[in-house]
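Here the structure of chain D is known, so what remains is to put chains F, C and R in place on it, guided by the hints.
Residue numbers (the working numbering), protein chains in the order written: chain D, 588 to 718; chain F, 588 to 718; chain C, 588 to 718; chain R, 588 to 718.
Treat the hints with caution; some may be incorrect.
[Said to hold, decoys possible] Taking CB as the label site, the calculated pair distances span:
no., chain 1, residue 1, chain 2, residue 2, range
1, F, Pro-716, D, Gly-664, 40 to 46 Å
2, D, Asp-655, C, Lys-702, 22 to 28 Å
3, F, Thr-699, D, Asp-655, 23 to 29 Å
4, D, His-712, R, Gln-623, 43 to 49 Å
Think of the hints as simulated: they come from the structure by calculation, not from any bench. Just so you know, even glycine gets a beta-carbon here, dropped at the ideal spot from N, CA and C.
Protein chains: 4
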Amino acid sequence: MPAEFKGKQRMPDPTTTVSALREAMRRFVTERDWEQFHSPKNLAMGLSVEAAELMEHFLWVSNEESCDVARDPARLGEVADEMADVALYLLALSNTLGIDLSDAITNKLAKTALKYPVERCRGRHTLDPTQ
Amino acid sequence: MPAEFKGKQRMPDPTTTVSALREAMRRFVTERDWEQFHSPKNLAMGLSVEAAELMEHFLWVSNEESCDVARDPARLGEVADEMADVALYLLALSNTLGIDLSDAITNKLAKTALKYPVERCRGRHTLDPTQ
Amino acid sequence: MPAEFKGKQRMPDPTTTVSALREAMRRFVTERDWEQFHSPKNLAMGLSVEAAELMEHFLWVSNEESCDVARDPARLGEVADEMADVALYLLALSNTLGIDLSDAITNKLAKTALKYPVERCRGRHTLDPTQ
Amino acid sequence: MPAEFKGKQRMPDPTTTVSALREAMRRFVTERDWEQFHSPKNLAMGLSVEAAELMEHFLWVSNEESCDVARDPARLGEVADEMADVALYLLALSNTLGIDLSDAITNKLAKTALKYPVERCRGRHTLDPTQ
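Chain D extracted, bound-state conformation (with noise of 0.2 Å):
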């Protein structure tokens, strides 16, 4: 295990900031010299690779049956993967762009909660436009 993780504890949701899950991706990339590579282009082209990758997993199956996944720890455990990498891009790119995630994703919640009003859209996917 390389230097950085040796020894350290594990980072549960619960405990761990958006700036330490940043910092953690800065690390890795700074070591590897790999800041050249890392224009919002390229990294907004691997995130859209990593989520094509994490859909795949529930490509032939229904709704339904892909709620399976929960169940089955090996399969999970692969969909966690994906998600990471896609979380990692983000990271990497919230880094590039000089973007702090957590106020952008609480902005983005706030609008788009105005957007959908509760009276309007519960239960339903689209506005109820007779409302």
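Relative to chain D, chains F, C and R alone:
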């Protein structure tokens, strides 16, 4: 602004845990009774659609030109919104599947660090075959 | 309507060769002096963006519901437009790289037929491991 | 080689109609009884996955470097295979939805030509706002 965001403090990366972001997304989804649409298959599709919208911002430019977005506040805001959309699907998928995202990220980063040892890929985006 | 389409007959699948479609796309690109933007990297990105726009039409529905689009002329027209966008990028990429697309398609279909023998995958989307 | 390809002549672009390609794909699918998996939702997902695999070939390079693939027979063959995969999903989707693909392509090209008049976009990937 919807009740759940009224009077909210900003949530910046240094002090925001992944759990706090997951919880904000969970509340947004539950209030709208949208869990029924959030199968892993649908969420992975949605994530991929948002990844493409993010990528579209960098479609016709060179890698160098794509870096200019960091100095253009208006475009940077648009890009931050697309990144947030990707992140929101990732948080929703973590909630649906019960995956600890930070843990998945740090595990995957450790595996990737083993796959790409510093001495064999410094300054190269592929492994040096001579080492 | 631009000169190049004036008075044009419709071009249906039974009588339209892939070369005729490639030639139409080539003329469109050349007239606009857009070859300079049509690197394989950009075209592959553009294709992926259009693929996501096509996919978005089927995002929140079940597999069964997605079949309904065939009976809804307005939505079918939108879907046909997105399919055309994907195809146009594919034709442009064939032109840029000098690839014979029909040949590539039939070669790949032959390879895939070997990989998925009828007797081992009839009615299954994976290979039957017992045969 | 499976029966359906035995003794087949090559099918190059200049003499191959889109219907001939659609028919080859239809036969491949029917023989395997795979129509049941070919909902528009699944096919659009599959197409998007293949588009990402195509894009991955050009991930870490510049636009200029991505052109080198045209002079590298081995990599060109791999890229041709990925392009074929995208095309096969497009043909399958045309079959499932009963869409005339050539017609959709030429219609969309005519619409795009109207949207991007030669005099306003020659040598630019956006419309010239001053004309």
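The hints, checked one at a time:
no.	hint	in the structure
1	F:Pro-716 x D:Gly-664: 40 to 46 Å	30 Å, violated
2	D:Asp-655 x C:Lys-702: 22 to 28 Å	26 Å, holds
3	F:Thr-699 x D:Asp-655: 23 to 29 Å	28 Å, holds
4	D:His-712 x R:Gln-623: 43 to 49 Å	25 Å, violated
Figure legend: structure checked against the earlier numbered hints; hints not met, in rising order: 1, 4.
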